[in-house]
Amino acid sequence: MEILWFGVLAVLLTGYFALEGFDIGLGMLLPVLGRTPAARDRLVGTMAPFVLANEVWLVALAGVLFGAFPLLEGKVISGLYPLVVALLLSWILRDAGLWFRRRLGGAAWRSLWDWALCLGSAGLAITWGTALTAVARGLPPGALLDPPGIAGGIVVAAVFACHGWTFAAWRLPGEPAVGGRRRTGRALLGSGCLAAAPAVVAVAALASPILDHAAPAATLSVLSVMVLPCVPIMVGAQLWIWRTFGRGAVPTFF
Amino acid sequence: MDVVDLARLQFAVTGSLHFLFVVLTLGLAPLVAIMNTRHVLSGNPLHERMTRFWGQIYVINYALGIFTGLVMEFQFGLNWSGLSHYAGDVFGAPLAMETLLAFFLESTFLGLWIFGWHRLPKRAHLACIWLVTLTAYASAFFVMVANSFLQHPAAAVEQGGRLALRDFGALLTNPSLAFSLPHVISAGLWTGGFVVMGASAYHLFRRTAEREFFVRSLRIGVVTAFVGSLFTVGFGYAQFGPVGVIQPDKFHGVAPGMALGIMIMIGQLGQFAVMFVLLPLLFRDLLARWRWLHPILMLMTPLPFVAAIAGWIAREVGRQPWIVYGRLRVADALTPGMTTGGLTVSLAAFAGLLGLLAVVDYVLIARVVRRGPQQVALGAPDLPAEPAPVPARSL
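The listed protein sequences correspond, in order, to chains A and B.
Position in the first sequence (first residue = 1) + 878 = this note's numbering.
Position in the second sequence (first residue = 1) + 111 = this note's numbering.
Derived from the structure by calculation, the hints contain no laboratory data.
Because the structure is a prediction, the values reported are computed rather than measured.
Don't be surprised by glycine CBs; every beta carbon is placed ideally from N, CA and C.
Worth double-checking, as some hints may not be accurate.
Here chain B is said to cover these stretches of chain A; the calculated rule only asks that three of the stretch's residues, wherever they fall, bring their Cβ under 8 Å from a Cβ of chain B [to be verified]:
| hint | region |
| --- | --- |
| 1 | 951-960 |
| 2 | 1024-1031 |
| 3 | 1102-1114 |
If you want the ones that stay clear, here's a sample from chain B, every Cβ over 10 Å from chain A, calculated [stated by the list, open to error]:
| hint | residue |
| --- | --- |
| 4 | 123 |
| 5 | 149 |
| 6 | 237 |
| 7 | 277 |
| 8 | 358 |
| 9 | 359 |
| 10 | 362 |
| 11 | 409 |
| 12 | 429 |
| 13 | 441 |
| 14 | 455 |
| 15 | 473 |
Isolated chain A (complex conformation) (with noise of 0.2 Å):
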């Protein structure tokens, strides 16, 4: 039962990576690929339908954190403490970013939120990297910033920003934000994997810590009770996302 819920949450954290990844690293890319505000909506567009259903994914793992791996719950992110913080400032200005660069008509205006989105997605890459980072290295105290900590950010927002050039590519083949260059599904699915590369160290390095932390077989009995007949649910509806916004126009809202 542990190795089940430990396969959640590599999954979740996996999967987390591989789609949350081009969101950012396309973010991070805004002002560099649309050079144009016209650019920018399009691009936005691309991923916006996107990233509500990707962002998802950590907020399920945060949960599965808590109801499964309790003790771990506590002690990673209390121990990640100021990498948390910043993570979750960078996550909220990058979807304020989104939310409401639109909502008024000002040039200035949505030029304010595209720098939010932005500076919000990169911030989101390296702290992940750094946390990840400190995570596979037991957390050590007071090296939450140190140059392995900065390199590991640099790494994840090197891979997220390639993440997302090749979705641009792949999305908006032939346009020139992406220089006219076309990239194949086939493509995106090894920068994803690129993108997950990270995570999935990070889980491996730490399978027997995390397994070790699981909760009780009583509670683990009722998670997956719950929850696993709801799994093609959650499948589904992801899935549906991506017949209906891989191709086609653009969606305007974000």
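Given the coordinates of chain A, work out where chain B should sit on it, guided by the hints.
Then chain B, alone, in the frame of chain A:
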């Protein structure tokens, strides 16, 4: 202030902000779903415009519900790791179910609904908003299950200094949950009804061109507020029985007593006003025609929000000093080793950013209301698949 006060204040600020937005989400979701249903069944463009206008307000309000909810979820681990250490094997289960069974689906279906106007078949699109409503209510259910466990730790036994889950069924049939859940959900409907009513009164008072739109909306708002207020008050009084048994001293303190008094005053007077004045005045649309009443309706709009916060304060402050009633004290649930400096910084950062965004969000909602149904971004046409051609340079 010491560490405990700072951590409590941080939770109180994010929790109150979260509740302000969530209570409106719970009220507006079913209204938008019903409007969307009428649009799909009748094909009447008026219902489509209503769905888009009130849907846009729902969606803008939803954003702050997410932002504040993220901070709430992670704050347990940041500041209150003693809670997950002692009670996580029980308390964590409903929270995990909330994220997986409710919010995960809610957010995914909301994305399909917001962006799928011109993409999905009409009935599939309609199904999305109903699924959003259903999962929003499921979310409220699981959160209230978790909260009720903190109020009355049924279903758990202490083993080796930690709580263990004994009986999941007892978690769901907690006496602290049975009446509080319908109370909260009805309060959401009341809030949604008052927002629709107040915004409609604004347009009718200004004599804008959208008279039919807002006469109908005013009716929907008042009827929703009537149903919501009736059940809010009913299930509110019903809670005195179980609370008297499980937390007899709950309202003896100054703060919970005052908060309870404010909530009951707003609730009781408001419910009478809706039932005996506003509802009868729907006869022959008198309420829509009597323009002098409209500023009063606008002024009444914030009342359910004030009552909701007061009710939350009464429920939460009233169980102090316990975080898990009778089992774990708030002071013992703090993450070990936190400093006042660190907590002050995180409190200032969260409260500052969320407070600022909350103000921006309310300004944006007010602006959508003011501009009216003519200019609504939700459901607006998509950008074409090909980018706009770059204009050719001419001499």
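Against the structure, the hints come out as follows:
1. With a cut-off of 8 Å between beta carbons, the region 951-960 of chain A has 8 residues touching chain B; three or more are needed, and the interface restraint holds.
2. Against chain B, the region 1024-1031 of chain A contributes 0 residues with a C-beta closer than 8 Å to a partner C-beta. That does not satisfy the three-residue criterion, and the hint is violated.
3. Under the rule that three or more residues need a Cβ within less than 8 Å of chain B, the assignment of the region 1102-1114 of chain A holds, with 5 such residues.
4. Under the 10 Å C-beta cut-off, the non-interface status given to residue 123 of chain B relative to chain A holds; the minimum distance is some 17 Å.
5. No beta-carbon of chain A comes within 10 Å of the beta-carbon of residue 149 of chain B; the shortest separation is about 22 Å.
6. No beta-carbon of chain A comes within 10 Å of the beta-carbon of residue 237 of chain B; the shortest separation is about 14 Å.
7. Annotated as non-interface, residue 277 of chain B brings its C-beta within 10 Å of a C-beta of chain A; the closest such distance is 8 Å.
8. At roughly 25 Å, the least C-beta separation between residue 358 of chain B and chain A is larger than 10 Å, which holds for a residue marked as non-interface.
9. Every beta carbon of chain A lies more than 10 Å from that of residue 359 of chain B, the smallest distance being close to 30 Å; the non-interface claim holds.
10. Residue placement check: residue 362 of chain B keeps its beta carbon more than 10 Å from all beta carbons of chain A (closest about 30 Å).
11. Chain A leaves residue 409 of chain B outside its interface by the beta-carbon criterion, the shortest separation being 22 Å against a cut-off of 10 Å.
12. The beta carbon of residue 429 of chain B is kept farther than 10 Å from every beta carbon of chain A, the shortest such distance being approximately 25 Å.
13. The Cβ of residue 441 of chain B sits about 15 Å from the closest Cβ of chain A, beyond the 10 Å cut-off, so the non-interface label holds.
14. The Cβ of residue 455 of chain B lies farther than 10 Å from every Cβ of chain A, with a closest approach of about 12 Å, so its non-interface assignment holds.
15. Separation of residue 473 of chain B from chain A is adequate, the least Cβ-Cβ distance of about 12 Å exceeding the 10 Å criterion.
The earlier numbered hints that this structure contradicts are 2, 7.
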